[in-house]
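Novice: Residue strings, one per chain:
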Amino acid sequence: MHIVIIGNGIAGITAARHIRKLSDHRITVISKETDHFFSRTALMYVYMGHLRYEHTKPYEDWFWDKNRIELIRGTVEKIDFDQKTLHLSADSRVVKHQPTLLEKLTKTVFPTIQTPQTLPTELKYDKLIIATGSVPRWADEYPRELAGVQGLYSFQDLELLEKNTQNVQKAVIVGGGLIGVEMAEMLHSRGIHVTMLVREASYWNNVLPHEESALIGQHIRRHGIDLRLSTELRTVKGRARVEAIQTKEGEEIACQLVGVTIGVMPNVQFLQNSPLRINRGVVVNEYLETNLPDVYAVGDCVEHQQPREGRKAIEQIWYTGRMMGETVARTICDTRTAYQPGVFFNSAKFFDIEYQTYGDVPAQCPPDVASVYWQHPTKEVALRINYQKENQAVTGFNAFGLRLRHEVCERWLKQHQTIEYVRQHLPEANFDPEFFERYEAQITATL
Amino acid sequence: MNILSRFGILLFLLGFGLWLYTLTLNEFTLTESVVKTIIKPEHQATLGTKLTPMLNQTYARGWAFTADFDRILNNLNAEYRTAQQWDKVIYDEYSFAISKAAAVGPLKTQPWRWLFLTLGLAALGALIFFLPDLQRLSGISNNGVFQNPATNRGWIGWLVGTFLIGFYIFLYYYPQYLVNWTMLVDPVSKALNGGEASRWFLYGFLYTICVVVMGLRMLLKYRHSRYQQVRTLSVMFFQTAFAFLIPEVLVSLNMPYFDFKNIWPLDYDFFFDYNLNGLIQSGHLGIFMLVWGIVLFVLGVPVMTYFFGKRWYCSWVCGCGGLAETLGDPYRQLSNKSIASWKIERYLIHGVLVFAVVMTAMVLYSYFTGSSQVLFLDSYSVRSAYGFWIGGIFAGVVGTGFYPLMGNRVWCRFGCPLAAYLGYWQRAKSRFRITTNGGQCISCGNCSTYCEMGIDVRAYAQRGQDIVRSSCVGCGICSAVCPRGVLNLENLAEGSRVTVAPEVLRGNEI
Ligand SMILES: Cc1cc2nc3c(=O)[nH]c(=O)nc-3n(C[C@H](O)[C@H](O)[C@H](O)COP(=O)(O)OP(=O)(O)OC[C@H]3O[C@@H](n4cnc5c(N)ncnc54)[C@H](O)[C@@H]3O)c2cc1C
Ligand code: SF4
Ligand code: SF4
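Line by line, the protein sequences give chains A and B. Take 1 as the starting number for the first sequence in our numbering and just add one per residue. Take 1 as the starting number for the second sequence in our numbering and just add one per residue.
The calculated lysine-lysine pairs, modelled on BS3-like cross-linking and capped at a C-alpha distance of 27 Å, are:
no.: 1; chain 1: A; residue 1: Lys163; chain 2: A; residue 2: Lys237
no.: 2; chain 1: A; residue 1: Lys349; chain 2: A; residue 2: Lys379
no.: 3; chain 1: A; residue 1: Lys389; chain 2: A; residue 2: Lys414
no.: 4; chain 1: B; residue 1: Lys261; chain 2: B; residue 2: Lys190
no.: 5; chain 1: A; residue 1: Lys32; chain 2: A; residue 2: Lys124
no.: 6; chain 1: A; residue 1: Lys104; chain 2: B; residue 2: Lys343
no.: 7; chain 1: A; residue 1: Lys66; chain 2: A; residue 2: Lys124
no.: 8; chain 1: B; residue 1: Lys343; chain 2: A; residue 2: Lys21
no.: 9; chain 1: A; residue 1: Lys127; chain 2: A; residue 2: Lys84
no.: 10; chain 1: B; residue 1: Lys343; chain 2: A; residue 2: Lys57
no.: 11; chain 1: B; residue 1: Lys343; chain 2: A; residue 2: Lys96
no.: 12; chain 1: B; residue 1: Lys50; chain 2: B; residue 2: Lys36
no.: 13; chain 1: A; residue 1: Lys124; chain 2: A; residue 2: Lys84
no.: 14; chain 1: A; residue 1: Lys66; chain 2: B; residue 2: Lys343
no.: 15; chain 1: A; residue 1: Lys21; chain 2: A; residue 2: Lys127
no.: 16; chain 1: A; residue 1: Lys107; chain 2: B; residue 2: Lys343
If you're looking for bench data, these hints aren't it; they were derived computationally from the structure.
Make a model of the complete structure from these sequences and hints.
Specialist: As C-alpha cells, this is what we get:
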C-alpha cells in the first residue's frame with residue numbers, strides 16, 4: 001500500500017513516523033516549503049540568532065532513509081480523487097541525503113530508497129493524508145504586492161523578513177496574537193522600533209482574562225514596544241515600498257515594515273472546487289476521515305465536524321497536529337481510532353514571561369464558575385485557578401512566570417479535585433527549577 | 001554596543017595587548033653567579049663551560065636568549081648521544097629556570113605595576129564590558145549568538161582558538177618562552193607560598209581569574225535563575241579556594257601540594273611514586289590526603305552521584321567544569337549533536353578510561369615490585385605517554401583550545417575518564433534525571449542547541465522520555481533556555497525515571 005502525505009509539518013511527519021512504526025507500507029511525504037521537517041515554532045529563534053535553521057530540524061537528515069520515508073520537494077497542484085492521483089509542479093524533485101564524512105566514519109549510513117531518477121509529475125496513492133497546515137490570514141487593507149508588507153508563517157516568510165528588515169528602523173505590527181508578539185520580539189532584538197496595533201482594548205483579551213491581559217500588556221511595554229490598544233489599521237502607504245500606515249483614527253505612523261499577524265487560516269485554497277468537502281478547513285469526522293474514501297486530513301488544515309467538549313473546530317496548535325498524526329496512523333494501519341485530545345493545555349512565551357495553561361480558563365468567566373487569581377506584588381508571576389461554584393471542582397489553570405507540572409494539573413482536572421484540595425497540594429504541581437523562589441505560601445494565603 | 005561596553009572592550013584589548021607585549025620586555029644576561037646557582041655541580045664542568053660564549057652577553061629579547069641556551073644544551077646532548085655516552089645526557093629542565101634567573105628589567109623591578117597594566121586592565125575591561133547587561137530586563141539572552149563571529153565559529157572564534165591552542169602548547173612544552181609572564185605573578189606567588197612563580201602557578205592564577213571574571217558574567221547573564229547563580233558561585237568558590245589558594249598555602253606550610261577536590265583518574269598522577277611517597281612522608285596530614293583521595297573515588301563518587309547525579313562534581317565542583325561553565329559559556333552552542341558524534345564520544349571517553357586504569361595499574365605494579373617492566377611494556381613510558389597525549393594534548397590543547405570551535409566541553413565529553421566513571425553511576429544507579437513536562441514540548445531545539453555535552457535533549461523531550469544520559473553534567477541550561485518550561489532537573493525516587501518513551505504523549509487519549 002502506498003500512503004502519500006501532503007505536508008511535512010508536525011502533523012504529516014508524525015503520521016508518517018507512526019505509520020512506519022505500525023506497518024511496512026510505502027510512505028511518501030511531499031512539501032513545497034523545505035526539504036526536511038523543521039520546527040515552525042522555532043522560526044523566531046533563527047531570526048534572533050539563538051539558532052540556525054539546521055537546529056530547528058528535530059531529526060537528522062539520514063533519519064528518513066533509515067525509516068524508509070520518501071521525501072519529495074514540490075507542490076501538489078491538483079488532486080484527482082477519482083483516479084487517486086496527485087499532480088505535482090514541474091519543479092518537484094526527490095530529496096536525497098548524501099552522508100557526511102562523520103556519518104560515513106561512524107557507519108550512520110542507511111540504504112537510500114529506490115526511487116525513479118526522474119519524478120513523474122503524477123503520483124498515485126492508495127491512501128492520502130492532507131496535512132497542509134495554515135496560511136496567514138489577510139485582509140484587503142494590506143497590499144500584498146507592496147514591498148515590506150508581510151506575514152510570518154513559512155520558512156520563506158522568514159527569508160523575506162531577513163531581506164525586508166535590512167536597514168529598517170521602524171516597524172508596525174498589526175494584530176496582537178501569539179505570532180504578533182513573537183514578531184515584535186524578533187524585530188526588537190535587532191534594534192528595530194516596533195509599534196503594535198491591537199484592535200482590542202487590552203492585549204489578547206479575547207483569550208486572557210483581564211488581569212493576565214494587563215500583566216502581559218505591561219510587560220510588552222516594558223520592553224519598549226509601543227503597544228497601541230483599541231487601534232486598527234486603515235491603510236498602508238508607500239510607492240516602491242511601505243513608508244507609513246494610517247490608523248482608523250487618522251494617525252499616521254512612519255515605518256518601513258508592516259507585519260500582518262491577524263491570525264492564520266487553513267491552507268485549503270488549492271483543494272477548492274473538488275469533491276472534497278471543505279468549509280473553513282478540510283472537514284473531518286472524529287476519525288479524521290474526510291467525506292472521500294481513503295482520504296484523511298490532520299493538523300492545522302482540519303476543521304472538526306463535531307469538536308469534543310472544551311475543544312474548538314479548528315485548533316492551530318503544535319501538539320494537536322502531533323496528536324492527529326498519532327491517531328490517523330492507527331486508523332490507517334491498525335484499528336480505526338477516534339481523535340481524543342483530552343484535557344486542553346497550551347503554552348507560550350511573551351518576551352520573558354512564560355505562560356502555561358491547563359483546562360479551561362476563558363477570558364470571561366461564566367456565571368457558574370468561580371475564579372481565584374494571585375499575582376506577585378512586584379514580580380511578573382501570576383496564577384489563576386478556576387473552579388465550578390457548585391461542586392468546587394477545579395476547571396482550569398493559568399500560570400505566568402511559573403512552571404506547572406502537566407501530569408499533575410491534568411490529573412486534578414480529570415479527577416475533579418476541589419479547589420481546597422488543590423490549594424493544599426499546590427507544591428506537587430510546581431515545575432520550577434531547584435532553588436527558585438517558591439510562591440505556594442503566598443498563593444494559598446491569597447486564594 | 002553601548003558606550004560602556006565599547007570602553008570595556010577597549011580596556012580589555014589594551015590590557016591583553018600589553019600582556020602580549022610584556023613577552024618582549026626585560027633584558028637577559030647570563031652571569032657567572034646565575035650559572036653557579038642554577039646549574040647543578042655535576043653539570044658545571046660540562047654544560048657550565050659550554051655556556052661561556054653566552055656569558056655577560058646582553059640579550060634584548062628573551063626568546064633569543066632562550067634559543068641560544070637551548071641550542072648549546074641540545075648540541076651538547078647530541079655529542080653525548082653520538083658518543084653513546086647515555087649516562088651523560090642532561091635531562092634537567094634548565095631552560096626555564098636559567099631564563100628566569102638571567103632576566104633583569106621592569107618586570108622584575110615593578111611586577112605589581114605590570115600585573116595591573118596587563119591582566120588587571122584586561123579583567124577590569126571585561127567586567128566593564130559585561131556591566132551594561134544590567135540594563136536589559138532579566139531573562140534568557142541569546143540574541144545574536146549565531147550572528148556573532150565570536151560565538152558562531154567565525155573569525156573571532158578562530159582567532160581566540162588559535163591563541164588558546166598556542167598558549168597551551170607553550171605552557172606545556174615550551175614554558176621557557178613564558179618566563180616574563182611568570183614574573184608578573186611572582187609577588188603573588190611569594191605572598192602565597194613564599195617562592196617564585198612556576199609556570200603552573202601562572203596557569204593556576206590565569207585559570208582562577210578567568211573563572212572569577214567569567215563567573216561574574218554568568219551571574220549577570222542568569223540573574224533570573226537561582227540554579228545558575230548558586231552553581232556558578234560554587235564553581236568560583238571551588239576553583240579559588242580548593243584548586244588555587246589551599247594548595248599554595250599548604251606548600252608554604254611545608255606540606256604537600258594537594259587539591260582536595262581533584263579525583264583520580266582525572267587526577268592521573270595521584271598514584272605516581274613521587275606523589276605517594278610525598279604523601280606518605282608527610283605525616284598524618286599526608287596519610288589523610290591519601291585516604292581522602294581513595295575514599296572520594298571509591299565512595300564519594302557513587303554515593304554523591306546516587307543522590308544528586310554527576311552534576312555534583314562536573315558542574316558544581318570540578319575545575320575543568322568550572323572553566324567550561326564560565327569562560328566556556330559563550331561557546332556551549334558549538335557542540336555537535338549528531339548521533340555520529342555520540343558514537344565517537346563513547347569510544348573515545350571509554351578508551352581514555354581504560355588507558356588511565358591500565359596506566360595506573362602498571363605504575364602501581366612498578367611501585368610495589370620495583371620493576372618498571374610490566375609484560376613487554378615499560379611502565380614509565382606508558383605513564384609519560386599518558387601525560388603527553390591525554391594530560392597535555394587532549395585535556396589542555398584540545399580540551400580548552402577548541403572551546404570556540406567545538407564547544408566548551410570537548411575534554412569533559414570526549415576525554416575525561418572521571419566523567420566516564422561518574423557517568424556510569426549516573427546511568428546505572430541514581431535519583432537524578434531531567435524530567436520532561438508531559439506534552440508541552442514544541443520541538444524548537446533550544447535545549448539541544450545549548451546543551452554543551454552535545455545531548456540531543458529535544459529527542460527525549462518531544463517524546464516524553466526523561467533525559468537519563470551518562471554524559472549529562474546537569475548544568476541546567478537546557479531547562480533555562482526552554483521557552484515552554486518543559487525540562488526540570490530533579491532528584492526523585494530512582495525507579496520513577498521514565499527511560500522508555502510512552503507510546504503516545506500526554507494528553508492524547510487514544
Ligand atoms: C511563527 C509561529 C510560531 C508558532 N508557535 C507555536 C507555539 O509556540 N505553540 C504551538 O502550539 N503552536 C505554534 N505555532 C503553530 C504551529 O506551528 C502549527 O500549528 C503547526 O506547525 C501546524 O502543523 P501542520 O503540520 O498542521 O502544518 P504545517 O506545519 O503548516 O505544515 C504544512 C506543510 O505543508 C506544505 N504544503 C501545503 N500545501 C502544499 C501543497 N499544495 N503541496 C506541497 N506542500 C504543501 C507546506 O509548505 C507546509 O510545509 C506557531 C506558528 C507560527 C507560524
Ligand atoms: S542535558 Fe541539559 S543539564 Fe544535561 S548537560 Fe545538557 S544542557 Fe546541561
Ligand atoms: S527547548 Fe523546550 S520546547 Fe524546545 S525542544 Fe527543548 S524541550 Fe522542547
